[in-house]
Amino acid sequence: LHWSKVILEISSSQALEALEKPHTAHHLSNVIAHTSALLKKIHACQVEVVDDNANRVAKEIAVSVTKDGRLQSYVARGGPTWLANIIQADARCTMTTM
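full-length UniProt numbering puts the first residue of the sequence shown at 1, with every later residue one more than the last.
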């Protein structure tokens, strides 16, 4: 993938702290080190903490993947109906706040 700018939105200030100060998360040191190394390969990468509501689609996908063991890409397969409904609702909310 040839992305020139990536904004990674997370809803956990603790996760951001772990990325910025890996020594604070000893139990996750391998995961944090691997994630940090990957993020550094991206030319312009920002990590921002956002409210859970701003990350609703990502959160629902993550819950579904871990709970139901869905390992196929939702994007590649068109996604389940419930996902399309959430994306459409978020799009409507975004349009009304612009």
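Hints listed in this document are in silico derivations from the structure and should not be mistaken for laboratory results.
It is possible that part of the hints are untrue.
Derived lysine to any residue pairs resembling SDA-like cross-links, with alpha carbons at most 25 Å apart [as the list claims (entries may be wrong)]:
| hint | residue 1 | residue 2 |
| --- | --- | --- |
| 1 | K59 | L8 |
| 2 | K5 | K59 |
| 3 | K5 | H27 |
| 4 | K5 | V47 |
| 5 | K40 | K67 |
| 6 | K67 | W82 |
| 7 | K41 | V31 |
| 8 | K40 | A62 |
| 9 | K5 | H26 |
| 10 | K21 | I42 |
| 11 | K41 | N53 |
Here are the computed distance ranges between Cβ atoms for each label pair [as the list claims (entries may be wrong)]:
| hint | residue 1 | residue 2 | range |
| --- | --- | --- | --- |
| 12 | E17 | K59 | 14 to 24 Å |
| 13 | A91 | K21 | 28 to 38 Å |
| 14 | S36 | A58 | 11 to 21 Å |
Where is the CB? At the ideal position from N, CA and C, for every residue including glycine.
Outcome of the hint check:
1. K59 <-> L8: With Cα atoms ~13 Å apart, K59 and L8 stay inside 25 Å; holds.
2. K5 <-> K59: holds (22 Å)
3. K5 <-> H27: violated (30 Å)
4. K5 <-> V47: Judged against 25 Å, a Cα distance of about 11 Å means the pair holds.
5. K40 <-> K67: At roughly 30 Å apart (the allowed maximum being 25 Å), K67 and K40 break the hint.
6. K67 <-> W82: Roughly 15 Å between the alpha carbons, so the hint for K67 and W82 holds.
7. K41 <-> V31: Given pair K41, V31 holds - Cα atoms ~16 Å apart, limit 25 Å.
8. K40 <-> A62: holds (23 Å)
9. K5 <-> H26: violated (29 Å)
10. K21 <-> I42: holds (19 Å)
11. K41 <-> N53: Between K41 and N53 the Cα gap is close to 29 Å, so the pair fails against 25 Å, i.e. violated.
12. E17 <-> K59: 14 to 24 Å: This hint holds: roughly 20 Å between Cβ atoms.
13. A91 <-> K21: 28 to 38 Å: holds (36 Å)
14. S36 <-> A58: 11 to 21 Å: Once the Cβ atoms are compared, 20 Å apart, the range 11 to 21 Å for A58 and S36 holds.
Hint check: violations occur at hints 3, 5, 9, 11; the rest are consistent with the structure.
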